[in-house]
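> Per our numbering, residue 1 is the first one in the sequence shown, and the count goes up by one each step.
Treat the hints as calculated values from the structure; they're not laboratory data. Please read these numbers as outputs of a predicted model, since none were measured by experiment. All C-beta atoms in this analysis are idealised placements derived from N, C-alpha and C, irrespective of residue type, glycine included. Incorrect hints may appear among the rest.
Straight-line distance between alpha carbons at most 25 Å, and here's what the computed PhoX-like set of lysine-lysine pairs gives [claimed, not checked]:
1) K80 / K40
2) K372 / K232
3) K322 / K265
4) K114 / K40
5) K80 / K129
6) K237 / K114
7) K372 / K356
8) K349 / K359
9) K88 / K40
10) K359 / K296
11) K129 / K35
12) K126 / K88
13) K296 / K322
14) K349 / K296
15) K349 / K237
16) K80 / K35
17) K126 / K29
18) K129 / K88
19) K29 / K47
20) K359 / K372
21) K322 / K349
22) K29 / K114
Distance windows between CB atoms, simulated [what the hints assert, rightly or not]:
23) K129 / T97: 32 to 40 Å
24) I357 / E260: 35 to 43 Å
25) P368 / Y53: 25 to 33 Å
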Amino acid sequence: MTTTQSMQSVLQLIINLTAAFNSLQLYAKEHPQTKNYIQKAFIELEKILSERYEVTIILVGNDVVVSNRRLVSQKGHLTKFVSVLRHKNVERITFTTGIDIPDFTRFTMDLASKENQMVESSPNIKVGKVELRVKAKSTDKPKELDDQTQERLHDIGKLRDQSEDEIRSLYEIAKTSKPIHFQNVEKIITAFINGMMQGLNPLGLLSSLKSNDEYTFTHVINVCILTMSQAKALGFKGSELHKIGIASVLHDSGKLFIPEEILNKPEGLTSEERHIIETHTVRGAEYIMGLDGIPKLAVIGALEHHIHFDGTGYPNLGRTWKPNIVSQMITIADMFDAMRSRRVYMEPKPHDLIIKILKEDTGTKLNPLLVKNFLRLIESNPSGE
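Taking the hints into account, I'd like the entire structure generated from these sequences.
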């Protein structure tokens with residue numbers, strides 16, 4: 001089953017679930033029409049689970065996201081589905097192999113119920129809220145890091161520095177317009193997935209800028225750390241988290257085709273120079289499209305990471321264009337690290353001011369739910385600061 005077919009099956013699953021919800025408002029669960037819609041939904045779920053161990057549906061704002069992709073429907077099925085999930089205070093549903101029709105029917109009945117009772121999880125159906133994976137801000141004084149945590153931070157710091165060297169090599173190859181080796185990108189991401197985000201505050205993992213020439217490579221690693229941390233907190237894992245890491249590493253690859261004298265210009269840019277810089281999104285996407293084995297998500301991340309939540313930004317694809325959830329996470333990570341870094345044309349901003357700007361941009365440039373997730377994530381303990 002291709003990705004498109006899989007997404008179509010998820011959409012059909014939701015369409016039939018929504019039809020079952022509507023039927024249950026008129027008929028009992030034993031009614032043939034209700035049973036028919038539940039059976040159709042279950043058949044679609046079985047198709048999906050025949051190809052993978054589990055499938056997770058995430059609610060982000062008013063969007064339904066599966067495998068990093070926003071579901072799109074020309075009809076009102078998704079609107080109804082989102083409404084039902086919100087009523088039941090559910091933001092995340094994971095179905096796993098082994099689910100049977102009685103369990104699925106029970107789940108459907110729980111969701112469709114107008115009562116305020118919680119939707120119960122079961123061994124093959126896990127439900128909950130996205131924020132449950134994010135640590136709440138502690139009001140206590142930060143605890144001193146224990147020896148094990150300090151050792152983990154030290155190991156990850158070495159890994160981060162080694163990764164910067166890898167990124168530098170990859171980007172130097174890319175500058176010559178030669179294709180980079182996908183295996184090297186995979187190696188970096190796999191190392192981060194295996195060695196980081198074990199309850200540590202991602203701020204403690206970020207690299208400091210050594211010189212202006214190092215900015216691109218340092219920034220790429222930091223954006224990768226911050227984006228993967230956001231994604232993991234939202235429940236992404238396995239191959240999906242891996243793809244997100246690759247997309248974040250390659251998000252700024254288009255800047256390698258922008259003259260350095262423009263990128264590092266200490267004074268203000270002319271309108272023509274600003275236009276040249278803004279082409280890095282399209283140029284990066286075009287470059288990545290020519291690479292073998294790179295996930296399509298990396299193309300999307302490179303193209304969309306300067307498109308705002310409200311459709312403004314660049315490239316101008318129209319106000320109705322909705323960037324991918326991963327692109328939106330990269331945007332937050334990109335903005336945060338850029339504001340905390342010293343550049344030839346800009347001093348780093350204080351942490352409190354950065355947080356203030358992120359909050360002010362919520363709902364316009366940035367997705368409100370993702371900002372909330374990010375802020376809670378970087379304020380969690382133990383801290384690396």
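> For every hint, state whether the structure bears it out.
Each hint tested on the structure:
1. K80 / K40: holds, 18 Å
2. K372 / K232: Within the cut-off at roughly 14 Å; holds.
3. K322 / K265: violated, 32 Å
4. K114 / K40: With a Cα-Cα distance of about 23 Å, the restraint between K114 and K40 holds, given a limit of 25 Å.
5. K80 / K129: Between K80 and K129 the Cα gap is close to 18 Å, so the pair holds against 25 Å.
6. K237 / K114: The given pair, whose Cα atoms are some 33 Å apart, is violated under the 25 Å limit.
7. K372 / K356: Roughly 12 Å separates the two Cα atoms, so the pair holds.
8. K349 / K359: holds, 15 Å
9. K88 / K40: holds, 23 Å
10. K359 / K296: violated, 30 Å
11. K129 / K35: Distance of about 28 Å is beyond 25 Å: violated.
12. K126 / K88: Within the cut-off at roughly 14 Å; holds.
13. K296 / K322: The given pair, whose Cα atoms are some 17 Å apart, holds under the 25 Å limit.
14. K349 / K296: violated, 34 Å
15. K349 / K237: violated, 32 Å
16. K80 / K35: holds, 19 Å
17. K126 / K29: At roughly 22 Å apart (the allowed maximum being 25 Å), K29 and K126 satisfy the hint.
18. K129 / K88: holds, 10 Å
19. K29 / K47: holds, 24 Å
20. K359 / K372: holds, 9 Å
21. K322 / K349: violated, 29 Å
22. K29 / K114: holds, 14 Å
23. K129 / T97: 32 to 40 Å: violated, 24 Å
24. I357 / E260: 35 to 43 Å: Distance hint for I357, E260 is violated at roughly 27 Å.
25. P368 / Y53: 25 to 33 Å: Between P368 and Y53, where Cβ atoms are some 32 Å apart, the hint holds.
In terms of the numbered hints stated before, the structure departs from hints 3, 6, 10, 11, 14, 15, 21, 23, 24, listed from lowest to highest.
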